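Those sequence lines, one after another, are chains A, B and C.
Quick note: the first sequence uses our numbering, first residue 176, plus one each step.
Quick note: the second sequence uses our numbering, first residue 189, plus one each step.
Quick note: the third sequence uses our numbering, first residue 211, plus one each step.
Rather than coming from a laboratory, the hints here were simulated on the basis of the structure.
Remember, it's a predicted structure, so these values are computed and weren't measured experimentally.
Note that CB positions come from ideal geometry on N, CA and C, so glycine has one too.
Possibly wrong hints are sitting among the right ones.
[Stated by the list, open to error] Which residues of chain C face chain A? A few of them, derived with a C-beta cut under 7 Å, are:
hint : residue
1    : Tyr218
2    : Lys363
3    : Arg365
4    : Leu384
5    : Arg388
6    : Gln439
7    : Thr447
8    : Asp451
9    : Gln452
10   : Phe458
11   : Arg462
12   : Phe473
13   : Gly564
14   : Thr566
15   : Ala567
[Unchecked claim] Derived DEER-like restraints, expressed as beta-carbon distance ranges:
hint : chain 1 : residue 1 : chain 2 : residue 2 : range
16   : C       : Ala541    : B       : Ala621    : 27 to 35 Å
17   : A       : Ser220    : C       : Glu453    : 22 to 30 Å
18   : B       : Asn567    : C       : Ala541    : 51 to 59 Å
19   : B       : Ile701    : A       : Glu300    : 16 to 24 Å
20   : B       : Ser561    : C       : Glu453    : 34 to 42 Å
21   : B       : Lys619    : A       : Arg208    : 55 to 63 Å
22   : A       : Asn231    : B       : Leu697    : 33 to 41 Å
23   : B       : Ala695    : C       : Phe255    : 56 to 64 Å
24   : B       : Ser561    : C       : Val322    : 44 to 52 Å
25   : B       : Arg434    : C       : Gly407    : 58 to 66 Å
26   : C       : Asp308    : B       : Leu394    : 32 to 40 Å
[Stated by the list, open to error] Just a sample of chain A residues kept apart from chain C, beta carbon distances all over 12 Å, derived:
hint : residue
27   : Asp236
28   : Ala311
29   : Ala335
30   : Met339
31   : Glu363
32   : Leu431
33   : Ile446
34   : Glu447
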Amino acid sequence: MMATLESMHPVFSRNEVFEFLKPEVPPSLDLDRGVILYLEGISVSFDGFKAINDLNLYIDDGELRCIIGPNGAGKTTMMDIITGKTTPDTGSAWFGQNINLLKLDEPEIAAAGIGRKFQKPTVFENHTTYENLELAMAGNKGIMATLGAKLSSEQQDRIAEALMLIGLVEQAKIQAGALSHGQKQWLEIGMLLMQNPKLVLIDEPVAGMTHQEMDRTAELLHNLAGEHSVVVVEHDMDFIRSIAQKVTVLHQGSVLAEGNMDDIQNNQKVIEVYLGG
Amino acid sequence: MNTVLQFIITGLLFCLPILSTSVAFGATQSAEFEQGVQLLASKSFTEKEQAIHMIGNSGDPLAIKTLQAVYAGKLFFVKKDKTLVYGEPDGSTYSVTDFISGEDLGLIKKRKLKKITINNKLRGVLKSVLAGLNLQHPDPKQRLAAAEEILTGLNPELITLLKKSLLTEQDPEVREALTSALAVAGLHHQDPQQRLASLALIAGNLNPVVKNAIQALIEKENDPIVLKKAEAALKVIEAKSTWYARLETLFFGLSLGSVLVLAAIGLAITFGVIGVINMAHGELIMLGAYTTYVLQQLMPNYIGLALALSIPAAFCVSGLTGILIEKSVIRFLYGRPLETLLATFGISLVLQQTVRSIFSPLNRSVATPDWMSGSLVINPLLSLTTNRVTIFLFAMIVFAGLFVLLKKSSLGLNVRAVAQNRNMARAMGVKAARVDALTFGLGSGIAGIAGVALSQLTNVGPNLGQAYIIDSFMVVVFGGVGNLWGTLVGGLSLGIANKFLEPWIGAVLAKIIILIFIILFIQKRPQGLFPQKGRAAE
Amino acid sequence: MSIIKSLYRDKVGMVMLTLLTLMAVIIPACNQVFPEGHTFHISTFTMTLLGKYLCYALLALSVDLVWGYLGILSLGHGAFFGLGGYAMGMYLMRQIGDRGVYGNPLLPDFMVFLNWQELPWFWHGFNWFAFAMLMVMLAPAALAFIFGWFAFKSRVTGVYLSIITQAMTYALLLAFFRNEMGFGGNNGLTDFKDILGFSLQNDATKAGLFMASAIALILGYISCRYITQSKLGRVCTAIRDQESRVRFLGYRVEHAKLFIFTFSAVLAGIAGALYVPQVGIINPTEFSPLNSIEIVIWVAVGGRATLYGAVAGALVVNYAKSYLTAAFPDAWLFGLGALFILVTLFLPQGISGGITALFKKKEAR
């Protein structure tokens with residue numbers, strides 16, 4: 176009897192806060208070792224097809240990393256795993272020293288500080304450019320907070336700043352659906368900026384862009400790096416050469432080679448599967 | 189349960205002799221028979237009893253039929269000339285045939301006839317005599333039936349009869365039945381050893397009478413050994429009956445499940461391939477059922493043929509309606525599933541009201557052909573109704589046909605190509621629009637066939653379809669979209685689950701629980717039992 | 211402050227709210243002040259009918275909030291409406307006291323008829339108006355919350371969600387048809403006598419109920435507008451358009467859905483509660499899937515994601531229904547069916563969307 180009561184105690188204790196009522200504050204990121212992302216021994220398969228096969232990848236804090244690889248090399252799946260969309264069959268994924276990504280879902284991962292830009296530009300087409308940035312802005316994203324949210328002048332300044340950076344000041348009040356393809360891409364990068372993430376994943380940012388647009392994008396990405404760690408998946412070799420310090424080559428779901436652009440271009444295996452192909 | 193079975197068995201017993209003795213018309217009569225028949229006209233019940241015994245002992249081929257007719261109250265004398273006639277009531281007159289010659293005498297007014305009346309005692313006598321006669325019937329099936337019949341009304345007279353028959357009986361099955369009947373009688377024997385022997389003989393016999401007899405024995409038995417044996421025997425019987433009851437529930441479940449599969453499989457095709465929820469699917473089923481009704485109205489003398497013809501007819505009617513729906517509405521709404529849902533719901537309302545205007549809002553009943561009525565008796569505790577068995581087989585055939593069609597034919601190849609990757613298929617030269625229309629027609633046609641099957645189970649009315657749309661959709665979702673096997677397994681298992689829940693909590697609650705279960709299930713596994721995996725699932 | 215601001219931008223809504231306020235004052239006044247036969251007299255029948263439409267409009271508003279702004283096509287909102295209605299019905303039943311046919315002071319007639327000896331536990335408390343009103347909101351909210359908790363957490367969306375909402379109301383339909391449930395079986399709850407001591411037969415009470423419905427609709431509209439104009443409203447439309455993207459921005463999509471869905475269920479419950487005393491009966495047919503899907507068509511006809519469109523659609527379609535079912539009883543289902551098809555094919559944005567498009571065309575010239 177007493178034992179039962181004893182065990183009930185925490186439930187009725189007045190200062191007990193139930194698990195589901197606790198605010199979701201992810202532990203602050205621990206970057207002691209200077210490495211922001213650890214992917215170790217990750218494998219995932221769909222219907223017997225191994226999309227990722229024993230993948231090991233480390234991203235340093237503040238680094239701008241390019242990932243290349245032929246179609247089906249597992250680039251997008253890798254991003255899905257990091258952002259919580261797909262759960263791997265085996266392996267571990269850590270954000271910094273202390274955040275286990277496999278235990279979190281998408282919003283939690285986003286709140287922990289990982290932002291993602293999709294292959295296809297996915298902006299909210301029925302919202303204005305300004306509203307898109309407002310939605311992306313870092314801050315309390317709980318229900319009641321958003322219900323009563325009012326933009327402070329500081330926040331308005333931040334949005335204005337981002338609009339300036341992505342060059343869409345004049346389009347601020349236009350619905351995002353009416354923007355051109357390139358403008359949508361920039362808006363999405365702008366949204367990443369507003370999110371203020373520690374790590375940014377960018378999937379094919381220059382696909383379908385003109386050369387001028389590409390240059391502008393490269394500039395934007397350089398702006399991002401340093402303050403944020405950036406991982407870019409891209410096909411366009413010229414573009415990669417223009418931004419990258421370090422390149423990782425994926426092939427059949429695992430890392431084939433890693434190094435600076437010149438090393439990679441001279442790597443015999445890489446030439447076989449990809450460049451020389 | 190027992191009473192139902194008893195009822196069925198008795199019913200069978202009384203039907204069989206009438207059928208088999210109808211050949212006996214025109215045979216010559218023995219003197220004893222004729223005397224007996226004449227005595228039947230007497231007013232005194234004692235004399236009538238005598239007459240019955242005389243007819244029974246005469247060995248005349250018409251004897252059984254005569255006594256049957258007396259028992260059923262269908263034997264009359266024409267008042268004017270004392271001819272013995274067999275009469276079927278036809279309004280206020282009787283349609284009458286001469287009993288001995290079989291000659292049709294046309295319609296005769298009721299007051300010109302005199303019925304051979306019987307009382308309860310005579311009824312008992314008739315029963316025993318008939319049983320005795322049937323025990324000597326040339327057909328072993330008749331003898332078997334008679335032996336089983338005797339079990340229900342044992343009296344000393346019959347016991348002697350049984351013993352006598354056992355001496356001459358050759359057919360092993362009939363012998364066994366006779367022995368059981370005697371053994372049941374032996375349960376009342378004064379000698380415990382005899383009772384024990386009788387008990388051993390009938391152990392495992394599933395006839396409800398046996399069970400009742402053992403129960404009665406347990407109540408008044410004072411010999412401990414016999415009591416113990418009797419209790420053990422009862423336990424065995426009870427275990428067997430629960431087992432058969434479970435089998436029966438399983439059968440009902442499979443039957444319901446096969447109906448669900450039939451109703452859902454068309455939906456599975458349209459939803460799986462085109463990604464369209466057709467809320468008018470239920471109404472396409474209803475159209476199929478009405479097609480059966482109309483065909484039967486057109487050829488009232490060929491119920492079975494009409495039913496067979498209505499399968500292709502219903503397929504065409506519903507299929508063409510489906511193609512019309514696709515071409516006129518759904519085609520314009522691809523990629524907008526929620527709007528399609530609303531528009532097809534509108535179509536379902538229009539179809540319902542159309543049928544209501546044409547056929548009236550009342551339910552219509554569709555006749556069941558002879559070969560589908562009746563039931564398949566496995567043993568005294570388990571009999572399966574033929575129409576449900578037929579529909580189950582029919583559903584499996586339709587499923588197999590559809591499966592082969594989708595796997596082997598070029599249409600099937602195109603359909604699967606479009607289902608997997610619409611744009612790619614189009615690039616490969618598949619005319620996606622045509623495939624969509626055909627697929628929709630196919631799914632709708634199957635719905636029509638389902639309607640034909642349903643018309644054999646329930647009344648046909650404008651609301652027939654509504655009752656099935658939610659269920660069908662639940663089956664599709666439960667089984668996994670775009671997977672025929674999923675629909676089959678999903679439908680059958682939901683049917684079985686439903687029927688196993690019913691005896692505990694009633695039909696309505698069972699249904700509610702199933703619905704809640706599926707709601708929870710979808711939320712746990714939104715892709716259903718057999719999900720499509722990988723990138724294609726996105 | 212921000213509420214007024216949120217309305218300021220909604221010009222059509224302002225016009226509509228003004229009209230509704232005028233209606234709330236003028237119609238009961240015309241009914242009460244002018245005697246029968248006077249030119250300005252509005253009959254009690256017309257007033258009650260309009261009151262019923264106002265309840266429907268509030269219901270349509272609740273559906274528009276989840277369908278128009280969140281993309282959840284609920285085919286089960288009739289369930290929330292029905293639950294609110296039953297909660298009110300239970301209060302009204304308890305008010306009958308010993309004036310029922312059997313004169314039992316404790317048990318409603320149908321329980322006496324079923325030979326029940328005592329009041330089931332869930333009927334306790336309904337003799338207090340405040341408790342009943344609380345349940346009017348809590349019962350639908352609880353159902354919506356539990357249902358939504360499971361559905362949104364496991365990310366059921368699109369047509370799947372629509373169908374399971376339909377299954378939900380269907381299950382309730384079956385359940386409420388059972389006498390054992392203790393809600394009067396298929397006869398439902400009826401023969402109400404009075405509410406808060408005012409006789410329901412009295413015209414003044416009916417005028418009061420009409421006014422209450424109009425006020426509820428006005429407040430409902432304002433609160434919906436406030437939500438849709440807030441940042442949460444923008445999050446909702448973002449969820450409607452690009453659900454997964456919203457997740458990657460760090461919003462808890464399921465919480466937003468749960469909040470809006472539950473709030474919408476409460477609105478529907480209030481609508482049901484105001485509906486029941488005006489029509490004098492609540493029975494299980496309110497749970498029938500057809501009823502729920504009809505609400506959707508009101509919204510579709512009026513134009514979704516506008517709020518005022520939902521209100522207008524509910525009024526227009528129900529007026530047409532009253533007219534058609536009286537004039538051509540057979541034609542109504544044809545009409546309703548055709549409405550579903552034509553609106554989805556030719557007027558995807560509804561009447562309000564059509565009008566806006568017309569204006570835009572003129573401006574372009």
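Status of each hint after checking the structure:
Of the supplied interface hints, the one on C/Tyr218 is violated, with its beta-carbon coming no nearer than about 15 Å to a beta-carbon of chain A, more than 7 Å. Interface restraint check for C/Lys363: the shortest CB-CB distance to chain A comes to about 10 Å, outside 7 Å, so the restraint is violated. Hint on C/Arg365 is violated. Least Cβ distance to chain A is approximately 10 Å, over the 7 Å limit. For the restraint placing C/Leu384 at the interface with chain A, the shortest Cβ-Cβ distance is roughly 32 Å, beyond the 7 Å limit, so the hint is violated.
Because the beta carbon of C/Arg388 sits about 34 Å from the nearest beta carbon in chain A, more than 7 Å, this interface hint is broken. Interface hint at C/Gln439: violated, since its Cβ lies 11 Å from the closest Cβ of chain A, which is beyond the 7 Å cut-off. Hint status for C/Thr447 relative to chain A: holds, with the closest Cβ pair at about 6 Å, below 7 Å. Of the supplied interface hints, the one on C/Asp451 holds, with its beta-carbon coming within about 6 Å of a beta-carbon of chain A, less than 7 Å.
With a cut of 7 Å, the hint placing C/Gln452 at the interface with chain A holds, because the nearest CB-to-CB distance is about 6 Å. Interface hint status for C/Phe458: upheld, as the beta-carbon distance to the closest one in chain A is roughly 5 Å, under 7 Å. For C/Arg462, the interface hint holds, since its Cβ comes within 7 Å of a Cβ in chain A; the closest pair sits about 5 Å apart. Taking 7 Å as the C-beta contact cut-off toward chain A, the hint placing C/Phe473 at the interface is violated, the least distance being around 10 Å.
At about 19 Å, the closest approach between the beta carbon of C/Gly564 and any beta carbon in chain A exceeds 7 Å, and the interface hint on this residue is violated. Taking 7 Å as the C-beta contact cut-off toward chain A, the hint placing C/Thr566 at the interface is violated, the least distance being around 14 Å. Because the beta carbon of C/Ala567 sits about 16 Å from the nearest beta carbon in chain A, more than 7 Å, this interface hint is broken. About 34 Å separates the C-beta atoms of C/Ala541 and B/Ala621, a value consistent with the hinted range of 27 to 35 Å.
In this structure, A/Ser220 and C/Glu453 meet the distance hint of 22 to 30 Å, their C-beta atoms being roughly 26 Å apart. For B/Asn567 paired with C/Ala541, a C-beta distance near 57 Å keeps the hint of 51 to 59 Å intact. Distance hint check for B/Ile701 and A/Glu300: the Cβ-Cβ separation is about 43 Å, which falls outside the suggested range of 16 to 24 Å. Taken as a hint, the range 34 to 42 Å is violated for the pair B/Ser561 and C/Glu453, whose Cβ atoms sit roughly 54 Å apart.
Checking the proposed 55 to 63 Å range against B/Lys619 and A/Arg208 shows it holds: the Cβ atoms sit about 59 Å from each other. A/Asn231 and B/Leu697 have their C-beta atoms about 55 Å apart, which leaves the hinted 33 to 41 Å range violated. At roughly 41 Å, the beta carbons of B/Ala695 and C/Phe255 sit outside the given window of 56 to 64 Å. A hinted range of 44 to 52 Å for the beta carbons of B/Ser561 and C/Val322 is consistent with their spacing of about 45 Å.
The hinted range of 58 to 66 Å is satisfied by B/Arg434 and C/Gly407, whose Cβ atoms lie roughly 59 Å apart. For the pair C/Asp308 and B/Leu394, the beta carbons lie near 58 Å from each other, so the given range of 32 to 40 Å is not met. The Cβ of A/Asp236 sits about 21 Å from the closest Cβ of chain C, beyond the 12 Å cut-off, so the non-interface label holds. A beta-carbon of chain C comes within 12 Å of the beta-carbon of A/Ala311; the shortest separation is about 5 Å.
A/Ala335, annotated as away from the interface, keeps every beta carbon of chain C farther than 12 Å; the closest lies near 18 Å. Every beta carbon of chain C lies more than 12 Å from that of A/Met339, the smallest distance being close to 21 Å; the non-interface claim holds. Not every C-beta of chain C lies more than 12 Å from that of A/Glu363, the closest at about 9 Å, which undercuts listing it as non-interface. A cut-off of 12 Å between C-beta atoms confirms that A/Leu431 is not in contact with chain C; the least separation is 28 Å.
Distance check for A/Ile446 against chain C: the nearest CB is about 36 Å away, which clears 12 Å, and the non-interface claim stands. Consistency note on A/Glu447: stated as away from chain C, and its beta-carbon is indeed over 12 Å from all of that chain's, at 36 Å minimum.
The structure shown violates the earlier hints numbered 1, 2, 3, 4, 5, 6, 12, 13, 14, 15, 19, 20, 22, 23, 26, 28 and 31.
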